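**Student:** Could you put the whole structure together from the sequences, leaning on the hints where they help?
There are 2 protein chains.
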Amino acid sequence: MPKKIFFTPGPSALYFTVEEHLKHASRAQVMEINHRSKQAEGYYQEASDNLKSLMSIPDDYQVFFLSSATEIWERQLQNLVTKKSFHYCLGAFSNRFYDFAVKWGIKAEKVESPFGELPDTNPELIPKDVELITLPLNETSTGVSFPAEDIYNIRASHPDTLIAVDGVSALPVIDLDFSQVDSVYFSVQKCFGLPAGLGVWIVSPRAIKKAEEKLAAGYSIGAYQALPNLMKNGLKNQTTFTANVLNIFLLAKVTGDMLEKGIDVIRREANYKAALLNHLVENHPKLNHFVADRKLRSKTVTVANTTEGSAEILEKLSKKGFVLGNGYGNHKGKQIRIASFPTHSKEQMELLVDVINSTI
Amino acid sequence: MPKKIFFTPGPSALYFTVEEHLKHASRAQVMEINHRSKQAEGYYQEASDNLKSLMSIPDDYQVFFLSSATEIWERQLQNLVTKKSFHYCLGAFSNRFYDFAVKWGIKAEKVESPFGELPDTNPELIPKDVELITLPLNETSTGVSFPAEDIYNIRASHPDTLIAVDGVSALPVIDLDFSQVDSVYFSVQKCFGLPAGLGVWIVSPRAIKKAEEKLAAGYSIGAYQALPNLMKNGLKNQTTFTANVLNIFLLAKVTGDMLEKGIDVIRREANYKAALLNHLVENHPKLNHFVADRKLRSKTVTVANTTEGSAEILEKLSKKGFVLGNGYGNHKGKQIRIASFPTHSKEQMELLVDVINSTI
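From first to last, the protein sequence lines stand for chains A and B.
Mind the numbering: the first sequence is residues 4 to 363 in my numbering, read in order.
Mind the numbering: the second sequence is residues 4 to 363 in my numbering, read in order.
Just so you know, these hints were derived from the structure itself, not from any lab.
Note that this is a predicted model, so its numbers are computed, not measured.
It cannot be assumed that every hint is accurate.
Pairs count within a copy or across copies, as identical chains cannot be separated in the list.
In silico lysine-lysine, DSS-like type, Cα no more than 30 Å apart, as pairs [to be verified]:
1. Lys323 to Lys87
2. Lys319 to Lys217
3. Lys87 to Lys217
4. Lys235 to Lys335
5. Lys7 to Lys239
6. Lys131 to Lys217
7. Lys41 to Lys87
8. Lys302 to Lys106
9. Lys239 to Lys55
10. Lys217 to Lys86
11. Lys289 to Lys7
12. Lys322 to Lys131
13. Lys335 to Lys264
14. Lys235 to Lys55
15. Lys41 to Lys7
16. Lys113 to Lys41
17. Lys335 to Lys323
18. Lys322 to Lys302
**Tutor:** Shown next as structure tokens:
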């Protein structure tokens, strides 16, 4: 049976070089080596260095490997908040981060928008006493992007408050000035095109200091995933637990491939592919944009309402070998979501558009 | 370059069928499917069913997939302890679980032994008011096993207290009566012969009830890894986050292979291989047993003191293609540790013994 192409917004298609790297991993016995061996440390360093080059991350930021972005929500609350956090909530995932804060007993505030829209990003709505401001660079459930300029405005108004950015379905496609935020995180099964099972957490010196201060003030910041412990291990290019070494290896290799291609090319192609998809949704009689404001439409996840439901569309396309995402939560059966990640070539996207036009 | 054989006590040699299953995973696009798809749910169920068959786990126990045994230490403390825990500490790993409890602000007590020995397991040493008793079935850092009969004695004396068993380098080789304990956990990169990046947590109905009671009493039990949430998802054969689907698939397949081979055969072979290693250590002029009491010697991890240091031994053997474990912590450079896991065949172990005898 020929393989299907996954245009799902995570897990998604593997980066097109992963299969080759898996063979290399097997030859190099990457799945058998000790996670504290020189060989494993080398992969950690390579992945960290490549990520920093690819996204122009400041030298004094640290890259840590955890198990998932979901875990990193929790670790940020444990490490970076003593009393109060503030959350931009614009879809299922950004709301879930807020819910985590509530469950961990933090005094969490939020500003919320209907799905498909962006909350009011006026920085004056943020109380002065919050310790952490959280937002998604791209809300995967709705296809709304959070403009980077709005983040920089928030920073200018609240220069002493930590800002956490969920980059999960946006990075490395979206250009983010890391020096203006303190905590950036993502899972690797979306834009990076890797198998699920690894979370990447990039942390500023200010964030590490905050965790140290919280601990010094007598609060618990956890055990093995406390930032000082992550730091102690990270400086040796080691994880704090027996992590998914295979995925760290694959991330090192795939980010190397992305560097070779060039981030500018990746971003240019993303613009082209997003334009193709936007044109499709605008002109197809059975589709229309969920995100009304075109300035807010994600470049990596296009979400369309369907006039006749999405189940049949998704099934027909799957039979032809194209797997698209369903609507999320309440929108399941009503919307389709199409990922346009670095692994998806311009040609694949053109083909997808043709197939959608001829199929539905 | 020919591949080396890893006799390290985790990460260790892959189960000998993993390479074939990886090819199958690639064909079936296991690394691209949605973690909440029917296909992924099928792998969850298959892995859970196989684990239950393989180790005779009671039907009403639940199998959950997390990121590592390290994470599960923390989740047990968050879910199963309100005030007080009790820990048998006999090496680096069992001590680290105790340390986690302290860091999370729990009133933790312990009974400790020098490395290479077993603490006094007289159940009368356990205070009546502890909520959780923790112990390793096998302390990977020292090669000391905790006799199952001692666990059953503790259960008989403290029938209402939850017992947590670290099975990480013992299961499925060691026969454990799961009905006498409440929480059993392991990472898959040791006895199960899989790549690192998955923790398995097997939980009794009593443990789930305890988490519900803690929550009802007004305490936080966490967010996505709270047992009621694990349960809600687990009943649908779903994880609580985008987990390492590839490893769940591989676990399903490898446990299937183990069932086909038969747990009795696996255990018989383990006895034979352990006898070989014990005979080697007893008779080799440059090696002697770290665990003096032969009844306590692990069947899966043999630890030997070296008369002339371990660095040269390990290097010589590695050059011949045999990778053994170094001593742990303070014993690094002084000891060797040899894993004898289900993937290691009798023939490989005989060959290893011959090579050690002819090399050092």
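**Student:** Taking 30 Å as the upper bound on the Cα-Cα distance, should Lys131 and Lys217 be classified as within, between, both, or neither?
**Tutor:** Intra 18 Å, inter 34 Å, cutoff 30 Å: intra-copy only.
**Student:** If the cut is 30 Å between Cα atoms, do Lys235 and Lys55 qualify within a copy, between copies, both or neither?
**Tutor:** within (19 Å within a copy, 39 Å between copies)
**Student:** Please work out whether the CA atoms of Lys322 and Lys131 approach to 30 Å or closer within one copy, between two copies, in both situations, or in neither?
**Tutor:** Neither, since 53 Å and 62 Å both go past 30 Å.
**Student:** State whether the alpha carbon distance between Lys302 and Lys106 is at most 30 Å within one copy, between copies, both, or neither.
**Tutor:** neither (32 Å within a copy, 43 Å between copies)
**Student:** When Cα atoms must be at most 30 Å apart, do Lys41 and Lys7 count as within-copy, between-copy, both, or neither?
**Tutor:** Between copies, since 16 Å is at most 30 Å while 38 Å is not.
**Student:** Between the shortest in-copy and the shortest cross-copy C-alpha distance, which are at most 30 Å for Lys7 and Lys239: within, between, both, or neither?
**Tutor:** between (40 Å within a copy, 25 Å between copies)
**Student:** Is it within, between, both or neither when you check Lys235 against Lys335 at 30 Å Cα-Cα?
**Tutor:** between (44 Å within a copy, 20 Å between copies)
**Student:** Should Lys322 paired with Lys302 be assigned to within, between, both, or neither, using CA atoms and 30 Å as the limit?
**Tutor:** Result: close within a single copy only, 26 Å intra versus 51 Å inter.
**Student:** Pop the pair Lys335 and Lys264 into one bin, within, between, both or neither, using alpha-carbon distances up to 30 Å.
**Tutor:** neither (36 Å within a copy, 43 Å between copies)
**Student:** Tell me, please, which holds for Lys87 and Lys217 at an alpha-carbon limit of 30 Å: within, between, both or neither?
**Tutor:** Both: 13 Å inside a chain and 24 Å across chains, each within 30 Å.
**Student:** When Cα atoms must be at most 30 Å apart, do Lys113 and Lys41 count as within-copy, between-copy, both, or neither?
**Tutor:** Intra 44 Å, inter 35 Å, cutoff 30 Å: neither.
**Student:** With 30 Å as the alpha-carbon cut-off, assign the pair Lys41 and Lys87 to within, between, both or neither.
**Tutor:** neither (41 Å within a copy, 39 Å between copies)
The earlier numbered hints that this structure contradicts are 1, 2, 7, 8, 12, 13 and 16.
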